Amino acid sequence: MTSLLKFIFFFFIIINSVLAVDTSGPKDKVAYELYKELRCLVCQNQSLLESNAPLALDLKKVVMDKIELGQSKSEIKTFLVDRYGEFILLKPKYSIQNFLLWLGPIFFLLIGFFITFTFLKKQSVYKEEPLPLTDEEENSLKKILDNNVF
Amino acid sequence: MIIELGHFLLALALSLSIFQFLLPAVGVKFNSYSMMKSTSIIAYMSFILVLFSFASLVYAYITSDFSVSLVAKNSHSLKPLLYKVSGVWGNHEGSLLLWVLILTFYSAAVAILGRRLPLKLLSLVLSCQGLIAAAFISFILFTSNPFIRIFFPNAEGEGFNPILQDFGLAIHPPFLYLGYVGLSVTFSFSIAALLVGKVDTIWVKWVRPWTLIAWVFLTIGIALGSWWAYRELGWGGWWFWDPVENASFMPWLAATALLHSSIVAEKRDTLKAWTILLAIIAFSFCLLGTFIVRSGVLVSVHAFASDPSRGLYILLLLVFFTGGGLALFAKRAPYLKSGSLFKPLSREGALVINNIIFASAAATVLLGTLYPIFIDAINNSKVSVGPPYFEAVFIPLMVPAILLCAFSPMLSWKRAIMDNIIERIIAVFICALFLASLIIITYGGSASAFLGLFLAFWLICGTLYEFLIKVGVKSSFKTFIKRSLNLPRSAYGMSIAHIGVAVFIIGATVSGAWRIDIEKPIILGEKIIVKDIELTFKGIKRVEGPNWNADRGEFEVIKSSGAKYLLYPERRFYPASEVNTSEPAIMSGIFSDLYIVLGESLQEKDSFAFRIYYSPFISWIWLGITLMAMGGILSLSDRKHRLGYGLKKV
Amino acid sequence: MQNKLKYFYSYVPLIIFFILVLFFARQLILKEDPSELPSVLLNEKFPSMALSRLAGYRLFSNKNLMNADNPSLVNIWSSWCVPCKVEHEFLMRMSEEHNIIIYGINYKDNKEDALKVLDLNDNPFYAIGVDKDGMQSINLGVYGVPETFIIDRSGNIRYRHVGPILEYHMEKIILPIITKIKQEKL
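So the protein sequences, as listed, match chains E, B and G.
Basically this note's numbering = 1-based index in the first sequence + 20.
Basically this note's numbering = 1-based index in the second sequence + 45.
Basically this note's numbering = 1-based index in the third sequence + 739.
Read the hints as simulated data drawn from the structure, not as lab findings.
Since this is a predicted model, take the numbers as computed values, not measurements.
Keep in mind that the hints are not guaranteed to be accurate.
[Stated by the list, open to error] Okay, derived cross-link-like pairs now, DMTMM-like style, lysine to aspartate or glutamate, Cα gap no bigger than 20 Å in a straight line:
#	chain 1	residue 1	chain 2	residue 2
1	B	LYS427	G	ASP858
2	G	LYS824	G	ASP858
3	G	LYS871	E	GLU157
4	B	LYS583	B	GLU564
5	B	LYS250	B	GLU203
6	E	LYS81	B	ASP562
7	E	LYS47	B	ASP562
8	E	LYS56	B	GLU436
[Stated by the list, open to error] Derived, one-sided and incomplete: chain G residues facing chain E with beta-carbon distance under 10 Å:
#	residue
9	LEU744
10	PRO773
11	PRO777
12	VAL779
13	ASP872
14	SER876
Backbone N, C-alpha and C fix where the C-beta goes; we use that ideal spot for every residue, glycine too.
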C-alpha cells in the first residue's frame, strides 16, 4: 500500500510541472466551441477550427461578428443552417428527424441487455449447491493454489 | 516481362484458390481423407504464387517502370526508395494485392500450424479461406488490375500524393491489413464450426490466438494512422471520426468484444453462439470498411480514388460473405449446445456486459457513419455527423466498460463472492476520486476532464490492486516472488493492456482539456511564451528536397531548463503533383508536445501566420496504445496459446 | 416459449444486414457526389444582397430578378477561378443563342483583374455586382466558385449548379429547367 502511495505522489509531482490553467475568456470559448461544431464546406473533413480554406476564414469571421453582437450559439447556428443547410452542422440537430441517431446508442444497449438476459434467464441457475469440501480435499486444494494461481 | 509473369501467376493463383475452396469441401462431403489432406499443399502453393506476383509489382516500382500504368500514375523516379516500395500499396489496386498476399499467407500458416486440428475442421477453414481469396483475386483481375501496361509511357511518373510520403503512413496499411485478414481467419473458423455443427474447446483454443494476432495488428495499424494524421495534417488533432477512420475502428471494437467473448468460451464453454456471431460481424466490418473506403458513397478525404462500379463489386462480396455467414448463423446457431451456467454477478456476467457495450459501441459508430446515407434516402436531405456527435455518444457508452474493466478480473467464475470485492471497490473509488480531484483542484478543469482522469486512475488503481492481490502481496515476500514468476503471461498481458487503456485515457483527456492554442501573425524576431517555454521566430529560408521545394521557418525554442532546440516548420510545394502541404514542426516529449505550423505570409513585412499548439501528455495516447499492443503480444506468447499445445495428434 | 424465440432472434442480424445493403445499393445506383450540396434556398426568394458596382457595367439587385419576363441565371465567378474560364464558352452560348439573361456576381476579386477578364473575353453578363469580401454570397449559401443559380420569373431560386457548367450540364440540366419554368403559368 505504501509503495502505491509513493507511486501516486511521484506521479503527481511530474504532472505538476506540466499542466496549465485554462485562461481564455468566455467569448473566445464560445467561438472555439462553435468552430468545432461547424463543418468546413470546402475541406469537408475539417471543422472551421482546423480549416485554413478561405471560406472557413470568412465563416469564422461571420461567427465572431455575431458573437460580438451578442447572439447566442443557437441563433448563429440557425443563421448558417438557413443558408447552408444542416450539412454544415457537425453535431446533428436534436430533431425528430434525428431521433434514431441520438437515441440509437441507448437503444442498442437496451436491446443487447434484453436479448442476452432473456437467454440467460431461461437457464435455471439455481442448481443444487455442491457439498462442502472435506479436510483432505481442502488440503490438496491449498497445495494446488500455492503452486498455480490461475 | 516480369509484370506479365506476375499477372500470369496471379491468374494461376485464382485457379488454385478456387481449387482450394472446392477440394476440401468435396472432401468433407464425401469423407475423403486424401482430398482433405491435400488441401494444405494447395494453400502453400497459392501463397508462393501470390508472393511472386506481388514481388513483380514491387520490382516494377523499384525500377520505376513507367510502362506499367499503376507505376506511372503513382510513382516518380525521384521518390526515396522506401516510398517507392510503400507506393506499391498506396493505391487501390496495389493495396488489394497486398491484402491477398496476407490472406494467402495466413491460409498457409493455418495449414502448417493446424496439422493437429481435426481434419474436417481444418479442411472447412481452408475451404472458406480459399473462397475469400478467390473472390478477392477475381475482384483484382477483373476490375482493379495492377499489371496493366500503357503503350506510350512517359519518361516520368505522375508523382504521388505528397502527404502520403511519411514513414508512419507507409507501414500503416500492412499492419491494418494484417489485422483485417486475421479476422478473416476467425471468420473462416466460425463458418467451419457452424457447418460442422459444434463448437468445442479445441475450436476456441484455436480461435483465441488468431483473434489476438488480428487484434494486436489492428491496434497498431490504427495507432499508426492516427499518429500520422497528428504529425502530417497540421491541426494538432489525432482522430476526426472520419468514415475511413471509423471503417478501421469498427472492426477493432468488434475484435475486442470477440477477444473477451472467446475468453469466456474457452474457460467456461459458454457464449459460443455469441463468439461466432462476433467473429462473423468483425470480418463483415472489415469488408464494410473496404466498401466505404473505395466506393465513394461517403465523403472522406482519406479514401482511395472512389469508383461506384468497384463499389458494386465489393457490395456483392459483402452480400455473399456477410449475408452467407449470417444466414448460416441464423440457421445453425440455435442448435449449438449451450454450455455451463453462471449467475449474472460473475466473471462471465461481467464479460457479457463488456461484450454488449463493445457491440453497442460498434453499432453506434456504424450508425453515425452511415446516418447521412439513411437520411438522404428517406428524407432527401443532407445531414452530416461529425466529432461532436461521436464524442457525445461514444464516451458515455465506454464509461461503464472502463468501470467494469478494473474489477472483472477480481470476480470469480460462475458466481462471484462479493464480500472482499466491495471493500476493494470502495478503496479504489476513493483513491481515484482523490487523485482526480487533486489534479482538477490544482490545475482547474472541466467536469469532463475530471471524469477522464477519474476513469484512468480507477483503471490503474484497480488493475494494480488486482494484480497485487493475485500475487499475494500480503503474504511473505518469498510467496510474492514465486507467484509473480509463476503467473501466466496472459495474466501479465491483460494487466498491461488494461493499464495501456488507462494511459491512453490520460493522454486523450489531458491533451484535450489543457491544450493551449495560439493562432496569430508573428513577425521576424518576435518572442512568444508558452507555459515555461520561450519561442523566437528566427527567419524563413527557401529549401529544396528530393521532389519538393519549400519555405522553411526557423524557431528557436528555449525550455525552462535552459535546453535549446531548433524547430523547422515548412510549407512544401511538390511540382510533380502541384500540391502544397504544410509540414508542422513537432517537439515531442513524454509530458508535452510543442507543435508549430507555418502559415501564409501576411501583408505586413516579414510577418507570417502561425499556429502553435502546446499539447500536454499527448504522447501518452500512443504510449497507451503501444502498451495495449504489448499486452496483447505478451498474452500471445503464453504457453497455452502455443498453437497445437496440448492437442494429441488426431 | 423462450426456446422458440432463439430461432427467431438468430435471424435478426441477417435482416438488419439486408436493410443496410438496400441503402448501399441505392447510393451506388444514384452515383451522386456526396460532397455536393443542394441549395437550401430552393423555392425561396433570392436574398437581398448589398453588391457594389463594377466600373463601366450595369449593377443589379434582387429587384431585377423579381417580376422578370423570363427566368434568369445568376453566376458566381472570379478572375482567379480556373473552372470559370472553362464554363465561359457555355455561358456565352446561353446568353447569345438562347437569349438567357445572366447576372454575374464577382466574388472576392480584384477590380483590375475582373475588368481585365471582361475586356479580354466576351461578356456574358447583362449586369454585374461585386461582392468584394465574399460576405454577401454567404447569404446565398455559396461555398465555392463557380456556382450558378436558376431564378424564375418571381425571383425564386429554382436550382443551384455547383462547379462549371459544361456542355452536358447545359443541355441536360440548365436548359430543360429554364424551358420548364417558361412553360409555367405566372
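To see whether the hints hold, each was checked on the structure:
With a CA separation close to 40 Å, the supplied pair LYS427/B and ASP858/G exceeds the 20 Å bound. Distance check on the hinted pair: LYS824/G and ASP858/G sit about 14 Å apart at the alpha-carbon level, within 20 Å; holds. Annotation: proposed proximity of LYS871/G to GLU157/E is violated, straight-line Cα distance about 91 Å (limit 20 Å). For the proposed pair LYS583/B and GLU564/B, the alpha carbon gap of about 18 Å is at most 20 Å, so the pair holds.
For the given pair, LYS250/B sits about 50 Å from GLU203/B by alpha-carbon distance, which is inconsistent with the 20 Å threshold. With a CA separation close to 18 Å, the supplied pair LYS81/E and ASP562/B stays within the 20 Å bound. About 15 Å separates the Cα atoms of LYS47/E and ASP562/B, which keeps this hinted pair within 20 Å; it holds. Taking the CA atoms of LYS56/E and GLU436/B, the gap is about 12 Å. The hint holds against a cut of 20 Å.
Evaluation of the LEU744/G hint against chain E yields a held restraint, the C-beta minimum of about 7 Å falling below 10 Å. Taking 10 Å as the C-beta cut-off, the interface hint given for PRO773/G holds, the closest approach to chain E being about 9 Å. For PRO777/G, the suggested interface contact is upheld, since its CB lies about 8 Å from the closest CB of chain E, less than 10 Å. With 10 Å as the threshold, the beta carbon of VAL779/G comes within range of chain E, its nearest partner Cβ sitting at about 4 Å, so the hint holds.
Checking ASP872/G against chain E: minimum C-beta separation of about 7 Å stays under 10 Å; hint holds. With 10 Å as the threshold, the beta carbon of SER876/G comes within range of chain E, its nearest partner Cβ sitting at about 9 Å, so the hint holds.
Hint check: violations occur at hints 1, 3 and 5; the rest are consistent with the structure.
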